[in-house]
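Taking the hints into account, I'd like the entire structure generated from these sequences.
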Amino acid sequence: MQHGVILKTYNSFYYVKTNAKVTMCTLRGRFKKERFSLLVGDEVEYNITENGKGIIEKILPRRSMLQRPMIANIDQVIITFAAVSPDINTILIDRFLVLAEMSDLDIVICINKIDLADSEELKPILELYRSIGYCVITISAKMGVGIEELRNQLSGKISVFAGPSGAGKSTILNTVEEGLTLVTGQVSEKIGRGKHTTRFAELLPLSSGGFVVDTPGFSFTEFENVKKNELMYYFPEIAAVVHECKFNTCLHLKEPQCAVKQLVAEGRIQEQRYHSYTEILAEIQDKKKGF
1 MQHGVILKTY NSFYYVKTNA KVTMCTLRGR FKKERFSLLV GDEVEYNITE NGKGIIEKIL
61 PRRSMLQRPM IANIDQVIIT FAAVSPDINT ILIDRFLVLA EMSDLDIVIC INKIDLADSE
121 ELKPILELYR SIGYCVITIS AKMGVGIEEL RNQLSGKISV FAGPSGAGKS TILNTVEEGL
181 TLVTGQVSEK IGRGKHTTRF AELLPLSSGG FVVDTPGFSF TEFENVKKNE LMYYFPEIAA
241 VVHECKFNTC LHLKEPQCAV KQLVAEGRIQ EQRYHSYTEI LAEIQDKKKG F
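Last residue of the sequence shown? That's 291 in UniProt numbering, and every number before it is there in order.
Hints listed in this document are in silico derivations from the structure and should not be mistaken for laboratory results.
For every residue, glycine included, the Cβ atom is placed at its ideal position computed from N, Cα and C.
Fair warning: there could be bad hints in the mix.
Below are the EDC-like pairs computed for lysine to aspartate or glutamate, each with C-alpha atoms no more than 20 Å apart in a straight line [to be verified]: (1) Lys227 x Glu45; (2) Lys17 x Glu177; (3) Lys254 x Glu222; (4) Lys17 x Glu50; (5) Lys58 x Glu45.
Simulated restraints, written as ranges between beta carbons of each label pair [claimed, not checked]: (6) Glu148 x Glu127: 36 to 46 Å; (7) Ser12 x Val145: 20 to 30 Å; (8) Gly267 x Lys21: 36 to 46 Å.
Following this line, the structure appears as structure tokens:
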């Protein structure tokens, strides 16, 4: 049998890369009966049929899985935002960070369009996320600034680009890897966000080694699978001090002797991050109540 990785899926066909060759495959019937959801990034074993196509016989265990967008076996998430046009949104960054933290993957924050931004206004945002411990890369895909640093970060790894539409993900990938020619779109002046130029997730080989995944843009995120007493652990600076709260059931809202609220009051945990935490927590609690 052949061994390969799924580059993309389309209409129940799976395009599997083995070395330099890509084979269009179908899924063996028993997997369909089990309603197994095969994802981009899954490693599989397949047999070649007489017509040159393949039938997937075995699906190898996943090393990791990003929940949204759903991609298997990736090493890192490149959370991509524009500095301007549309304006950077820290609350939305925090929401994407929670989803990435849930998947227990390495996280890189990539800020594009820095050539259009006021560096003094952008500086506190960059310092905030770096102080938490996140790797933050600033680039301008249009001007070529920071692209070599991003290439080095991607080399030899399987990376997924995720973020809202309008951040320039397709433009970034076209700049990182010549020849991809991904379709790009303009940001709408009326609604302040970009059009979705990516229709489906696809794993793209890099000449420097590794793969990147271009995914459809998202303008919102949901947290159906997050439990209210687990959310705190997806904010690293909050997770680091929760053991100091008086009550082990503390949700860091109105409870007395809460270490998290004390650090927010002292400015050692940023108020903006705490606001993101309480906002997401309120959504989770509302959904549990059936609102």
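Unsatisfied constraints (hint numbers, rising): Violated hints: 1, 3, 6, 7 and 8; rest satisfied.
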